[in-house]
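Number of protein chains: 2
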Amino acid sequence: MNQESNMLNDEQAVEIFKALSNQIRVNILQILKDPDHNFSTQAHVIREKGFDGGVCVSDIRSRVGLSQSTTSQYLSILLQSGLVEMKRIGQWTYYRRNEVTIKQFEKYIGQKI
Amino acid sequence: MNQESNMLNDEQAVEIFKALSNQIRVNILQILKDPDHNFSTQAHVIREKGFDGGVCVSDIRSRVGLSQSTTSQYLSILLQSGLVEMKRIGQWTYYRRNEVTIKQFEKYIGQKI
DNA sequence: ACATAATATAGAGATATCGCAAATTATCAA
DNA sequence: TTGATAATTTGCGATATCTCTATATTATGT
Numbered sequence: 008m009n010q011e012s013n014m015l016n017d018e019q020a021v022e023i024f025k026a027l028s029n030q031i032r033v034n035i036l037q038i039l040k041d042p043d044h045n046f047s048t049q050a051h052v053i054r055e056k057g058f059d060g061g062v063c064v065s066d067i068r069s070r071v072g073l074s075q076s077t078t079s080q081y082l083s084i085l086l087q088s089g090l091v092e093m094k095r096i097g098q099w100t101y102y103r104r105n106e107v108t109i110k111q112f113e114k115y116i117g118q119k120i
Numbered sequence: 008m009n010q011e012s013n014m015l016n017d018e019q020a021v022e023i024f025k026a027l028s029n030q031i032r033v034n035i036l037q038i039l040k041d042p043d044h045n046f047s048t049q050a051h052v053i054r055e056k057g058f059d060g061g062v063c064v065s066d067i068r069s070r071v072g073l074s075q076s077t078t079s080q081y082l083s084i085l086l087q088s089g090l091v092e093m094k095r096i097g098q099w100t101y102y103r104r105n106e107v108t109i110k111q112f113e114k115y116i117g118q119k120i
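Chains Z and C supply the protein sequences, listed in that same order. With our numbering, letter number 64 in the first sequence gets 71, and the count goes up by one each step, no holes. With our numbering, letter number 46 in the second sequence gets 53, and the count goes up by one each step, no holes.
In short, the hints are calculated from the structure, not lab data. Beta carbons are placed, not taken as given, at the ideal position from N, Cα and C, and that holds for glycine. Be a bit skeptical, because a hint or two may be false.
Using C-beta positions, here's what the derived DEER-type ranges look like [said to hold, decoys possible]: (1) C:Thr48 <-> Z:Ser76: 53 to 61 Å; (2) C:Val107 <-> Z:Asn16: 46 to 54 Å; (3) C:Ile96 <-> Z:Asn45: 47 to 55 Å; (4) Z:Gln30 <-> C:Glu55: 35 to 43 Å; (5) Z:Lys114 <-> C:Ser83: 42 to 50 Å; (6) Z:Thr77 <-> C:Asn16: 20 to 28 Å; (7) Z:Gln80 <-> C:Lys56: 45 to 53 Å; (8) C:His44 <-> Z:Glu106: 28 to 36 Å; (9) Z:Gly117 <-> C:Leu73: 44 to 52 Å; (10) Z:Glu55 <-> C:Ser74: 30 to 38 Å; (11) C:Asp43 <-> Z:Leu86: 40 to 48 Å; (12) C:Gln19 <-> Z:Ser47: 25 to 33 Å.
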């Protein structure tokens with residue numbers, strides 16, 4: 008893998024900055040760092056099945072206290088930016104952090120900012 | 008200096024994300040990394056006098072191609088966020104990167120995001 | 001005091017974001 | 001197929017951001 012392929016470009020970085028320019032979206036990313044600790048045991052947190060740490064929208068919703076539609080919209084902004092990834096299983100959509108993008112973002116800050 | 012004093016809080020970080028959620032403001036921060044290289048020799052770049060690397064507003068303006076007022080406003084957004092610092096000398100206002108905040112921000116990303 | 005240069009602030013129209021309720025779509029279960 | 005649950009999409013009013021022109025402020029030189 009060469010240097011290019013894991014370096015974000017400015018446009019992608021600005022997309023991420025936009026996604027993070029809202030306290031609640033930052034919070035969502037933060038609570039997804041430790042789903043087992045941040046959600047109740049009844050919550051739909053995936054602990055196996057190849058999408059470990061994925062949390063469904065309604066559980067995230069009840070944790071951050073926004074309306075369902077706003078929560079869904081914020082998650083799709085985070086998804087668009089690449090900071091999270093999602094997987095639909097049955098009627099649930101599970102979201103989890105995309106650590107690859109987050110690492111690339113960290114690297115971008117260190118080198119380009 | 009303890010751990011607290013050089014760790015940004017979430018609110019300060021969101022302020023920085025907002026400042027960086029605009030391509031031109033990111034560009035301004037980037038060109039201020041190397042004023043000697045990014046501005047003409049006639050530009051008002053401070054190379055000594057205790058505010059090394061400071062560039063005046065009109066030189067930044069002509070480099071980024073925005074109106075005078077927008078440039079001034081963008082610089083004050085960057086200033087508010089702490090990413091740059093300024094010093095007025097005579098009729099000129101010089102802006103330069105605030106590497107301390109930038110380092111703190113980098114640390115915040117690594118630890119809190 | 002006056003003219004000039006550099007910067008900041010005010011005001012405004014266009015566009016984007018915020019966050020909700022309501023409507024729609026997708027999936028499951030009986 | 002009917003009903004329930006989960007999520008997305010749409011529509012909306014409120015607020016914020018973008019970027020300009022015009023004006024005000026501050027500092028310098030005559």
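Evaluation of the provided hints:
At about 56 Å, the beta-carbon gap between C:Thr48 and Z:Ser76 stays in the expected band of 53 to 61 Å. In this structure, C:Val107 and Z:Asn16 break the distance hint of 46 to 54 Å, their C-beta atoms being roughly 27 Å apart. Between C:Ile96 and Z:Asn45 the C-beta distance comes to about 50 Å, which sits within the given range of 47 to 55 Å. A C-beta distance of roughly 41 Å is found between Z:Gln30 and C:Glu55, which places it inside the suggested range of 35 to 43 Å.
A C-beta distance of roughly 29 Å is found between Z:Lys114 and C:Ser83, which places it outside the suggested range of 42 to 50 Å. A beta carbon spacing of about 24 Å between Z:Thr77 and C:Asn16 agrees with the range 20 to 28 Å that was offered as a hint. As the Cβ distance of Z:Gln80 to C:Lys56 is approximately 50 Å, the hint placing it in 45 to 53 Å holds. Taking the beta carbon of each, C:His44 and Z:Glu106 are about 35 Å apart, inside 28 to 36 Å as hinted.
Roughly 27 Å separates the CB atoms of Z:Gly117 and C:Leu73, a value that falls outside the hinted 44 to 52 Å. In this structure, Z:Glu55 and C:Ser74 break the distance hint of 30 to 38 Å, their C-beta atoms being roughly 56 Å apart. Checked against the given bound of 40 to 48 Å, the beta carbons of C:Asp43 and Z:Leu86, roughly 41 Å apart, stay inside it. Hint check: C:Gln19 to Z:Ser47, Cβ distance near 31 Å, so the stated range 25 to 33 Å holds.
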